[in-house]
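*Asks:* Residue numbers (full-length UniProt numbering), protein chains in the order written: chain A, 1 to 538; chain B, 1 to 181.
It should be emphasised that the hints constitute simulated quantities derived from the structure, not laboratory data. You may find that some hints are simply not true.
[To be verified] Away from chain B, derived, C-beta distances all over 12 Å, residues of chain A:
1) G171
2) G312
3) Q462
[As the list claims (entries may be wrong)] Short, incomplete list of chain A residues facing chain B, as computed with Cβ under 10 Å:
4) E138
5) Y149
6) F162
7) T184
8) F186
9) G256
10) G317
Note that CB positions come from ideal geometry on N, CA and C, so glycine has one too.
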Amino acid sequence: MTAVVAEHDDHHDHHDHGPEKGILRWIITTNHKDIGTLYLVFALAMFFVGGTMALIIRSELFEPGLQFVDPNFFNSMTTMHALVMVFGAVMPAFVGLANWMIPMMIGAPDMALPRMNNMSFWMLVAGVLLLASTLFMEGGAPAAGWTLYPPLVLQTGKAFPFAIFSVHMLGISSIMGAINVIATIFNMRAPGMTLMKMPLFVWTWLITAFLLIAIMPVFAGAVTMLLTDKFFDTSFFDAAGGGDPVLYQHIFWFFGHPEVYVMILPTFGVASTIIPVFARKPLFGYASMVYATGAIAFLSFIVWSHHMFTVGLPIAGELYFMYATMLIAIPTGVKVFNWTATMWKGSMTFETPMLFSIAFVVLFTMGGFTGLMMSVAPVDFQYHDTYFIVAHFHYTLVPASVFILMAAGYFWLPKWTGNMYNEKIGKLHFWLSAISVNILFFPQHFLGLAGMPRRIPDYAVQFADWNMVSSIGAFIYGFSQLLFVYIVIDTIRGGTGEKVSDEVWEDASKHSLEWTVPSPAPYHTFTTPPEKIPTEHF
Amino acid sequence: MSDDGLDKKNTRLAVKLVLFAAMMFGFGYALVPLYNVLCDLVGQNAKVETVAKQETAFQPEQNREVTMEFLTSLNRSVPMAFKAETPSLKVHPGQYYSVGFYAKNLSDRRLKVRAVATYSPGQVKDYVTKVICFCELEQIFEPNEEKNMTVRLVVDPKLPERYKTITLSYTFFEITENSEN
Chain A
1 MTAVVAEHDD
11 HHDHHDHGPE
21 KGILRWIITT
31 NHKDIGTLYL
41 VFALAMFFVG
51 GTMALIIRSE
61 LFEPGLQFVD
71 PNFFNSMTTM
81 HALVMVFGAV
91 MPAFVGLANW
101 MIPMMIGAPD
111 MALPRMNNMS
121 FWMLVAGVLL
131 LASTLFMEGG
141 APAAGWTLYP
151 PLVLQTGKAF
161 PFAIFSVHML
171 GISSIMGAIN
181 VIATIFNMRA
191 PGMTLMKMPL
201 FVWTWLITAF
211 LLIAIMPVFA
221 GAVTMLLTDK
231 FFDTSFFDAA
241 GGGDPVLYQH
251 IFWFFGHPEV
261 YVMILPTFGV
271 ASTIIPVFAR
281 KPLFGYASMV
291 YATGAIAFLS
301 FIVWSHHMFT
311 VGLPIAGELY
321 FMYATMLIAI
331 PTGVKVFNWT
341 ATMWKGSMTF
351 ETPMLFSIAF
361 VVLFTMGGFT
371 GLMMSVAPVD
381 FQYHDTYFIV
391 AHFHYTLVPA
401 SVFILMAAGY
411 FWLPKWTGNM
421 YNEKIGKLHF
431 WLSAISVNIL
441 FFPQHFLGLA
451 GMPRRIPDYA
461 VQFADWNMVS
471 SIGAFIYGFS
481 QLLFVYIVID
491 TIRGGTGEKV
501 SDEVWEDASK
511 HSLEWTVPSP
521 APYHTFTTPP
531 EKIPTEHF
Chain B
1 MSDDGLDKKN
11 TRLAVKLVLF
21 AAMMFGFGYA
31 LVPLYNVLCD
41 LVGQNAKVET
51 VAKQETAFQP
61 EQNREVTMEF
71 LTSLNRSVPM
81 AFKAETPSLK
91 VHPGQYYSVG
101 FYAKNLSDRR
111 LKVRAVATYS
121 PGQVKDYVTK
131 VICFCELEQI
141 FEPNEEKNMT
151 VRLVVDPKLP
161 ERYKTITLSY
171 TFFEITENSE
181 N
């Protein structure tokens, strides 16, 4: 986003100079907008790396039998696809949005801890590169699934300690990012920007940041235990020494369940930001949105064993985790209701960001419903470890988190670059994505219910047809994402040529502060706090 | 940002949050003992005691029968032969039985192994008492050594009626390389 230009105002504070020249600008930058851009570009690149892995998986599954890759590499692909998408694409993309938007939404000049901000980005790059390097090591990359369950994961070859260290680095990076978000929101809000006046994207990120600080260390602990079990004779998970592999699953999912909400809560925040603008109405039920987000975050800590209904929990445990999990449907239902009610009788227009957001509301709800199905412990015994769960979490991640990230891209690109994106190609991107994502994931429900297990390179012939359909959907979806890259580059270079106004979208400045600064957003914004806080959104 | 007070405030909050993260790292480790305590509380701890108990006399229930099954397995290609002499046995609760197990080191190296026992269903473990067993922390098998081992056990008459079959499973884990290389 090189179109960001330096703006000199009459303050001669040392922070007011423009960006460094050349490549060094991006390496040593402490500017929240630069770092946000770095995060977003990196996440988009990783989206294609992880996507390529997904296409390797779908190619192999196009028809029964072993076609292209050997089974161990196939399992490496499912593992690495998940790790790259979770830690390299979706999470960094939201951190990028947080960097760009949070200071502008709360009227702060920058993030609270700019140097740590730079460090957390480069730590992320190092962590992901270390993880990627395991692909070329003796014995291959980790192949035990992103959950890294022992004892299987302990059979990883030379890559094992490297994978663990990369998880440590990714964890440290997200913790630093989270600390920065909390410090920024707590200490840097403009006068008058009380907590309950913050845009929901800021609220959801605040709660997400607390989740991250609470869970990433637990995950770091779990993988450290794996490491010492393998190399230093401890027996946390080793039955021979009196340990228990099921313990790992408990610790992992104590992290793992809040972790999936780390990816969905900011999604909710962006949706709650975009929908009111295009419905031209205030967000319905602002306070209930905040409380629902908090409730979801709290519940995420007390439901982890629903990932392990089949390990042999006591009946009381199965029942407790079943009912606790069902409770999550209530605050989530509140949110879906609020989004729908926001659109109700609104003067809606259907620009690309709104299309992606509406698709998110519909398709995320479907993913939520399959989640509700799986929360029922006795029936989960059928769904467990089948393609049904693959379909479920991909519905909550791809047409939810990824769609909303795309929506965010279209929504804020004009603010970031000062240029309008090509609406026609944007809509084409949307329709191709929305249709193909369903061709890709909907048949996986059928496969799962029919009993196809996940993480297998070959399958029984009765699963052939729907796998073929799913793979065709995958290729259409994957390649249509290239349109987004084209649009981003095209917009940076001038887009439609139409100069966008400061508020870009009609009346957007009533909703949030970022629409009150010039387009493109100058290198430094809100060096003096804003005078008026928009109130439309609450 | 030139505001020193704000910088201090930010640093102080960051330090607090780092401490919180460090505490959560500790909490991850605290989950290990917590897990054991919780499993014991709900009677779900599949880990079986590693020492034999004293023999106590029960009143045998001659008209009640429970099937005991004995499974043997080897973890990850431990080079041994291992089997129960009687794979299945009808027992009367309260009466003591001895069951023979046979194990042989099939390799020409010295093996250090450990047998780990589990019961299925897990809830029955409080009702089965072993007075002789081979569940010591570690055992040595010299190259090609054979051993006949005995487990002497009793099923407590207090075993709830709904349990008709109890499976006792032994798995040999090799611990040679962990402690000797």
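*Asks:* Any hints from earlier that this structure breaks? Give me their numbers in increasing order, please.
*Replies:* 1, 2, 4, 5, 6 and 9
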